[in-house]
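**Q** Keeping their order, the protein sequence lines are chains D and F.
Residue numbering for the first sequence follows my numbering, beginning at -5 and increasing consecutively.
Residue numbering for the second sequence follows my numbering, beginning at 472 and increasing consecutively.
No wet-lab data here; the hints were simulated from the structure.
Given the structure is predicted, the values throughout are model-derived calculations rather than measurements.
Ideal Cβ placement from N, Cα and C applies to all residues, glycine included.
Just to be clear, a hint being listed does not mean it is correct.
Derived pair list, reagent style DSS-like, types lysine-lysine, alpha-carbon separation capped at 27 Å [what the hints assert, rightly or not]:
(1) F/K474 <-> F/K526
(2) F/K542 <-> D/K92
(3) D/K51 <-> F/K474
(4) F/K474 <-> D/K92
(5) D/K53 <-> D/K63
(6) D/K62 <-> D/K92
(7) D/K92 <-> D/K63
(8) D/K53 <-> D/K102
(9) D/K57 <-> F/K474
(10) D/K36 <-> D/K57
(11) D/K53 <-> F/K474
(12) F/K542 <-> D/K36
(13) F/K474 <-> D/K62
(14) D/K92 <-> F/K528
Covered stretches of chain F, going by a simulated chain D footprint (3 or more residues, C-beta under 8 Å) [as the list claims (entries may be wrong)]:
(15) 493 to 500
(16) 554 to 568
Just a few of them, taken from the derived set where beta-carbon distance is under 7 Å, the chain D residues facing chain F [unchecked claim]:
(17) R31
(18) G37
(19) P38
(20) F40
(21) T43
(22) F95
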Amino acid sequence: EDQVTQSPEALRLQEGESSSLNCSYTVSGLRGLFWYRQDPGKGPEFLFTLYSAGEEKEKERLKATLTKKESFLHITAPKPEDSATYLCAVQMASGTYKYIFGTGTRLKVLA
Amino acid sequence: DVKVTQSSRYLVKRTGEKVFLECVQDMDHENMFWYRQDPGLGLRLIYFSYDVKMKEKGDIPEGYSVSREKKERFSLILESASTNQTSMYLCASSAGRQPQHFGDGTRLSIL
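Build the full structure now, drawing on both the sequences and the hints.
**A** Okay, structure coming up:
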């Protein structure tokens, strides 16, 4: 069964304490993997797209990487404003443009 | 910038009512999607559309229908609202294999 699993479910960090969020997937062919940030009461905001193993993307304190089975979102020296839920989604190679979403990691960065 | 607009941020309806949720995008995207988001379950796809007047069922279409008469507008209809349809509803749009872009959601309560 096609599946996307994110870990941990929740993460508390001190400001400046770097860490990584994990998104592991089992799908029959990957067209793309997407990372989103979601603030409370708002829709997901697009961060990164990764298409092939070995690819990396960076934006400010965030860096996303992709292997054949998982993706990591690395957060370097986080700030309180990085607190949000981070969602991972996989678009499969076959058929339509459907996504499979993980349930997200709730990140809290303490000042 | 990409803009997906959902007609209501908050909505309260009664069981048995017919409910319409509207979504408009301004990017000329061919694909549009309706999701619901519930704690612990993540985003689940209700319906999507890849062209005007075209639609496909997602993972949880029961109790819902959709309408896409114009490219920029995608409506979700709850035929006879029930309390288990209380949720956050998110609309998204995309072009081809490009990322989906989301609106800010409608928090719907069915009493």
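**Q** Under the criterion that the straight-line Cα-Cα distance not exceed 27 Å, is the pair D/K92, D/K63 satisfied?
**A** Distance of about 19 Å is within 27 Å: holds.
**Q** Given the hinted pair D/K92 and F/K528, is their alpha-carbon gap at most 27 Å?
**A** Status holds; Cα separation ~11 Å.
**Q** Using Cβ atoms only, decide whether D/T43 comes closer than 7 Å to chain F, and label the hint accordingly.
**A** 6 Å, holds
**Q** Using a Cβ cutoff of 8 Å, are there at least 3 residues of the region 554 to 568 of chain F near chain D, or does the coverage claim fail?
**A** holds (count 5)
**Q** Taking only the CA atoms, is the gap from D/K36 to D/K57 under or equal to 27 Å?
**A** Holds - the C-alpha atoms of D/K57 and D/K36 are around 23 Å apart, at most 27 Å.
**Q** For the restraint on D/F95, tell me whether the closest CB of chain F is nearer than 7 Å.
**A** At about 4 Å, which falls below the 7 Å cut-off, the nearest Cβ of chain F leaves the hint on D/F95 intact, so it holds.
**Q** Compare the distance between the alpha carbons of D/K62 and D/K92 with 27 Å, and conclude whether the hinted pair is satisfied.
**A** Within the cut-off at roughly 19 Å; holds.
**Q** Classify the hint on D/R31 as holds or violated, based on whether any CB of chain F lies nearer than 7 Å to its CB.
**A** Not OK, violated: D/R31 not within 7 Å of chain F, min 11 Å.
**Q** Holds or violated: are the alpha carbons of F/K474 and D/K62 at most 27 Å from each other?
**A** 33 Å, violated
**Q** Just to be careful, I want the Cα atoms of D/K51 and F/K474 compared with a cutoff of 27 Å; is the pair within it?
**A** Distance ~24 Å between D/K51 and F/K474 Cα, so the pair holds.
**Q** Are the Cα positions of F/K542 and D/K92 separated by 27 Å at most?
**A** At roughly 18 Å apart (the allowed maximum being 27 Å), D/K92 and F/K542 satisfy the hint.
**Q** Does the alpha-carbon distance linking D/K57 and F/K474 stay inside the 27 Å limit?
**A** 25 Å, holds
This entry does not satisfy hints 13, 15, 17, going by the numbered hints stated previously.
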